[in-house]
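Trainee: Start from chain S and add chain C according to the hints.
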Amino acid sequence: MKEEQAVLLYILKRVLSAISVVIVTLVASFALFFFAPTDPAGVICGPRCTPERVADIESSLGLDQPKAEQVLLYMKGIVVGREYSTGGVVRHCDAPCLGYSYTLGQPVTKLIGAALPVTVSIVIGGAVVYLIVGILSGTIAAQVRGTSLDRFVVGTTLVVQSIPYFVFALMIALYATFLPDSRYHPFLDNPLLWAGGLLAAWLTIGVTNAASYTRYSRASMIEALGQDFVRTATSKGISRRRVVYRHGLRAGLTPVVTIFGIDLAFQLTGAIFTETIFNLPGLGLLTLRAFGQYDLPVLMGGVLIGSVVLVLMNLVVDIVYTFLDPRVRLG
Amino acid sequence: MSDQTTGVPQTVTRAPREAAAGEEAYLEVTDLQVQFPTADGLVRAVQGLSYSVPLRRTLAIVGESGSGKSVSSMAVLGLHDRRVARITGSIKVGGREVVNMSDKDLEGFRGGDAAMIFQDPQSSLHPYFTVGSQIMESYRAHNNVSKRAAKERAIDMLGRVGIPNPRRRVDQYPHEFSGGMRQRAMIAMALVNDPKLLIADEPTTALDVTVQAQILDLIADLQRDFGSAVVFITHDLGVVAEIADDILVMYAGTAVEHGPVNKILGEPLHPYAWGLLESIPALTGEPQPLHPIPGTPPSLLAVPSGCPFHPRCEFKDRVPDDWCTTLRPDLIPRTADLGRTSRCHLKEPDKVFETEVLPRLP
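So the protein sequences, as listed, match chains S and C.
Counted the way the numbering used here counts, the first sequence spans residues 1 to 331.
Counted the way the numbering used here counts, the second sequence spans residues 1 to 362.
Okay, chain C solo, but in the shape it has when bound:
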């Protein structure tokens, strides 16, 4: 553990806020690093990421494209090609260490205790196999049952995710399903083995808003039924408000803010999160120009020194010395509220937010 007393930036950081529901963490990620050596250099996709999720809770991971949210969650299921990706740190799922797990153990682990829903159901379902056979395959990989029993299970699952006439639908191909139905089928496939951990990687991005709301309700309902821990990856703050208990804001491969959803959406403490809120267009009143965060996300080949957000940060002048450009801030509580952490040198960020940022919000 590092804290302010040493003043030395460290990558090993743990969120002190542990299991808000008073439960033990089911997924526990500690100091995760994912790197890809390429011809252009080392891509540091995830650097020192730590978080935990207990059963029955939903953590939303938000951030721009390339912030490492998908890469880190694929690492949780051990989906990276080990010849390509260097993964260090620790990922514990139900007490089992996933980093460096053998291929054999990974096969038993994936899709059983931990399952994943992917972004684009159009390309994530195999076009040449029926929806039913794809669900059956997942079930039979973890349960020693007959094809007939697996098919009954697939029909049952399709019914549970709200697909009408599942007995007929089970023998159809993905292209015979609509976009929303495909995502329901993906969810049925992910949940067929009653996973205790469900990772949803932007499951509603490819869907229209009405269907999106239905899918969110469905995931929330199913989570209640199954009692799973859910990690929900998205860049849509509206979705976050609807579904999450906690939020982890990622920037340049690391967490910059972590805490309960109402706190972070209501009163964020990190300038990047402020920028995110400002960039949401107002739906009422006169049309206003959009307020994007200036600049572009940093290249993961050359992550800026110090705080990775400093080149885009309008508050870096408020920080004494050259801390922003030289010292990487730790992810620690910055206010009296110990339940939330952020990675920013700014003093009294809650006051800055209230007096300067809040009035600007649409």
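Chain S on its own, in the form it takes in the complex:
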């Protein structure tokens, strides 16, 4: 029972430090964006704009307040919500309020809520592809190390890794015309259409990342299969398959899990190439557009989601690790 308490305490500590990291990131990026020489009111107002109109918009956005006040207001919005008044109309924005998009006029939370499932679908589907392909080919290559099959696998990964990611994505978009059109359909509406529309993106993420996962798994499995405990397992008289996939893979995959957690976090926040090339309305595309239009609340929302995902994935990796490796229990 003591052990469970220790694990809980460990998780609690990690969550607290995670929250503090997110807050620091928020303040820093707030400062970066809001001190930048941007002119959101001008963009909203358009080319023929009177100074009075600009001042009016700025006051409705709260941009005329001192910067410190703006940060506090933003934070307060996240925790308890806040009110916006535009042209005499007061709109209430429920917590967690990330503000309204300057250009789309919608709450940032709603925009992110629509974009997040797209990105998650792309990244998770791609991860399934590269994990299966990468770990399988890496494990097989490790078992036949030094043979021509092994050299073929390693050579292929080198070739794939040498192609820039966006070039690969463009080639898939150009040549893989036999794939269904790239389009996002919500999973719950029609799982088949959902999968079909994302296939090209999955293939791109899957193949490009499979190369590095093949290499990680191969190196990790070669090390694991050379361990004394694998020899012990062999000496028990269990099948070679069981030796490799139970004893070897269990030890060999543990480091790969760490890499996967971090990779997943980065992909969730930065699938910009994939989303742009395959025209999928995910988080990457949303923030890219916001960037071009000085849509600061949406940008901030993207940063917030990104930092939360990153910190969360780190936490998840650490917790998963305590289950994978009994020696690191109690952190």
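I should point out that these hints are in silico values taken from the structure, not numbers from a laboratory.
All C-beta atoms in this analysis are idealised placements derived from N, C-alpha and C, irrespective of residue type, glycine included.
Relax, there's no trap hidden among the hints.
Only some residues are given here: those of chain S computed to face chain C with a beta carbon under 10 Å:
id, residue
1, Q227
2, F229
3, R242
4, R246
Mentor: For chain C alone, kept in the frame of chain S given last:
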């Protein structure tokens, strides 16, 4: 069989001393060769090794690092990767030939009739599985029983090797065990299927002296209970004196001396064995400088011609002609005692030992 009459060195040699206890050999190794082709050339790790061990007896294999003691015993369990190692000769365990045994048969054979205890229990146990599950896996690989029954068996085995509170310990991970406890768990795992042949590869090297003595007692006790044949690999002559019935001294991948333990420790016949005895520091009297054997063990890529020990041998001048550098001696009786063999051209080695080596011993 070769003997002195031909005068031609041969690798096929058999120890004439057969089953001292009057029993049939359970493990019989004949002219074993293990070679590893590498980029630098062919590594001849074991060359023409022959020995046998009957049930209820313990053979100690001693020698320096790289003398082939571990490599040869791993071959007994078929643990070498066949894509890497070339193995010829014969290894018979209970009448079954292990060299060239199919993978399927090897799986049934390993861990069942023949089991192995490895050197470093820290790295030889899987860190991610509980001790109990590792023992259970070994048991269930050879017995068609439920998990529950296998667990009872694991608890029983942990108790038998002297682990206190086995019912709680069975669910713990190796890192929760001390070094001695881990080695006990390894022994429990090796013995869970009542093997008739137990190979212990330096099982006490990683342990401190007190624990070492306990583990040796444990192996001796268990051998009595199970009636197994034991091959004990070590470079510690103190351990040998305590546990072994017979000794096989290995040098450069081959046996250089073989016989009962008291004879070989009391009056060895091979200059290499003399060097080993001389290198043991005296624990009484004035501290003396250590007496290592001069030189280094030969590279197994280029084993010296003739007797592989000749570059380090101080007695090679006593042998006529260039026998030491050109002729490989056979492993045959060199004295009136036919129960012991050695691989050395030296005439009357027992007299040389008594008059020249014995006075120098600490």
